[in-house]
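Q: Read off the chains here:
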Amino acid sequence: MNALLIRDLTLAFRAGGGFGLGLAFFLIVTVLVPFSVGPQEALLSTIAPGVLWLGALLACLLSLDRLLALDFEDGTLDLLATAPLPLEAALSVKALAHWITTGLPLVLAAPVLGVLLNLGGDGYAWLVGSLALGTPALSVIGTFGAALTVGIKRGGLLMSLLVLPLYVPTLIFGAEAARRGATGLDPTTPLLMLAGITAGVIALMPFASAAVLRVNLR
Amino acid sequence: MPLIVTDLAVARGGVPVLTGVTLRLDPGQALILRGPNGSGKTTLLRTLAGLQPPLSGTIAGAEDRIAYAAHSDGLKSMLSVAENLIFWARVFGRREIDAAVQAFDLHDLRNRLAGTLSAGQKRRLGLARLLVTGRPVWMLDEPTVSLDTGAVALFADAVRAHLAQGGAALIATHIELGLDAAMLDVTPFRATHDTRAGASDEAFL
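As given, the protein sequences belong to chains X and A, one line each in that order.
This note's numbering numbers the first residue of the first sequence as 1 and each following residue consecutively.
This note's numbering numbers the first residue of the second sequence as 1001 and each following residue consecutively.
Careful, some of the hints might be misleading.
Which chain A residues face chain X? A few, computed with CB under 8 Å, are given here [to be verified]:
hint	residue
1	Ile1004
2	Leu1051
3	Gln1052
4	Gly1061
5	Glu1063
6	Ser1072
7	Leu1075
8	Lys1076
9	Phe1087
10	Gly1093
Label pairs and their calculated CB-CB ranges [unchecked claim]:
hint	chain 1	residue 1	chain 2	residue 2	range
11	A	Ser1056	X	Leu192	47 to 53 Å
12	X	Leu192	A	Arg1094	42 to 48 Å
13	A	Glu1063	X	Thr188	26 to 32 Å
No wet-lab data here; the hints were simulated from the structure.
Note that the structure is predicted; figures quoted are calculated from it, not measured.
Yeah, the Cβ is synthetic: ideal placement off N, Cα and C, and Gly gets one too.
From just these sequences and the hints, can you work out the full model?
A: Given below as structure tokens:
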């Protein structure tokens, strides 16, 4: 399992690995929002948690395409399926690698970009907390979407359509927790719901992902 | 522990391609699969490797014992030759790659990125992967594609060494490897139209 994680991280950081793609997209979206909305501090401060969460979600979605497609093309998935490592574990590791290369940089960059959007003073800790809790779910659900569409050439559109509805609960509770934190309300309930969703998909989704991948590899 | 296949039927895309395949592969034995293109050799190997379920019949002695190698080698072009081999060795719970590097004469290429190798060199690396898995039964689908005569001889030596250590190999190939191996032509097992009717699961997918 370690070997797979190390390999995926090495590949992501080497040339052409796609590390930074999601982060760059996140950066562009959040930097451009103040320009398009205009210099209205109160309005920006209101929409900041929602914009940051939406940007993070779309940045995650952008990099899902490569998650399994490259390994499918060069035959790695076939060989992994015949290896002693269970496919469920392999997919969990791949989701973890995706989170480390995509979700974690977003979590770390979010407070800096919050300044650009005039996020309320108390909101930073809750924004980082909600993103740290929610982005693992995005990677795990995304792995399921990637496994569903792995054999399809240019399957990005289909995968987005399949994955986006599954992302909605994470987005609702994540953005709500960040919004409540920023406006001084108690964010405990949405945070607990968010944590529940993340824990649930981490526990159950790899089985679904492995099942659809086995069908797709036939 | 021999690999015993009894009355196996395999399908590709929901259409049965081979039926009634019965074979036995003892340790130390190699079996060469023959048959024209599209006769189901690849499908048979994929089924035996556990990548797809058989339509009917039983496979005994294959569980966690098979190293499968097909047209694509599962190599990452941005990793070096040694890194690729070490990765596959660790996936199979091993560390040793020197024997594999030796057997396929990859020593001078150890630190080259796999993406910069020629087709034949990549193939050698893909076959070296079989050695690092430590699995006793090799399932090889056209292993000699893009290999020159020298590399084919290296490959034949590796198979002989593997058999001598009590391993087994099932090889689908069209060229003569010079191995002392039995031959199995899959043509007699090809599914007829009668067996195709009603056996498809496409309607449910």
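Q: Please check whether leucine 1051 (chain A) passes as an interface residue: C-beta within 8 Å of a C-beta belonging to chain X.
A: holds (6 Å)
Q: Min Cβ distance, phenylalanine 1087 (chain A) to chain X: is it shorter than 8 Å?
A: Result: holds, 5 Å to nearest chain X Cβ.
Q: Glutamate 1063 (chain A) and threonine 188 (chain X), beta-carbon distance inside 26 to 32 Å?
A: Given a distance of about 49 Å, which is not inside 26 to 32 Å, the answer is violated.
Q: Indicate whether the distance between the beta carbons of leucine 192 (chain X) and arginine 1094 (chain A) respects the range 42 to 48 Å.
A: Between leucine 192 (chain X) and arginine 1094 (chain A), where Cβ atoms are some 44 Å apart, the hint holds.
Q: Any CB of chain X closer than 8 Å to the CB of glutamate 1063 (chain A)?
A: Since the shortest Cβ distance to chain X is 11 Å, the answer is violated.
Q: Given isoleucine 1004 (chain A) was flagged as interface, is its beta-carbon under 8 Å from a beta-carbon of chain X?
A: This interface hint is violated because 19 Å lies over the 8 Å limit.
Q: If you take the shortest Cβ to Cβ gap from glycine 1093 (chain A) to chain X, is it below 8 Å?
A: Interface hint status for glycine 1093 (chain A): holds (6 Å vs cutoff 8 Å).
Q: Per the CB criterion, is serine 1072 (chain A) less than 8 Å away from chain X?
A: holds (3 Å)
Q: Classify the hint on leucine 1075 (chain A) as holds or violated, based on whether any CB of chain X lies nearer than 8 Å to its CB.
A: OK, holds: leucine 1075 (chain A) within 8 Å of chain X, min 6 Å.
Q: Could you say whether the range 47 to 53 Å given as a hint is met by the Cβ separation of serine 1056 (chain A) and leucine 192 (chain X)?
A: holds (50 Å)
Q: Identify whether the interface hint at glutamine 1052 (chain A) stands, where standing means a beta carbon of chain X within less than 8 Å of its own.
A: Holds, about 4 Å.
Q: With a cut-off of 8 Å, does the beta carbon of lysine 1076 (chain A) approach a beta carbon of chain X closely enough for the hint to hold?
A: holds (6 Å)
Hint check: violations occur at hints 1, 4, 5, 13; the rest are consistent with the structure.
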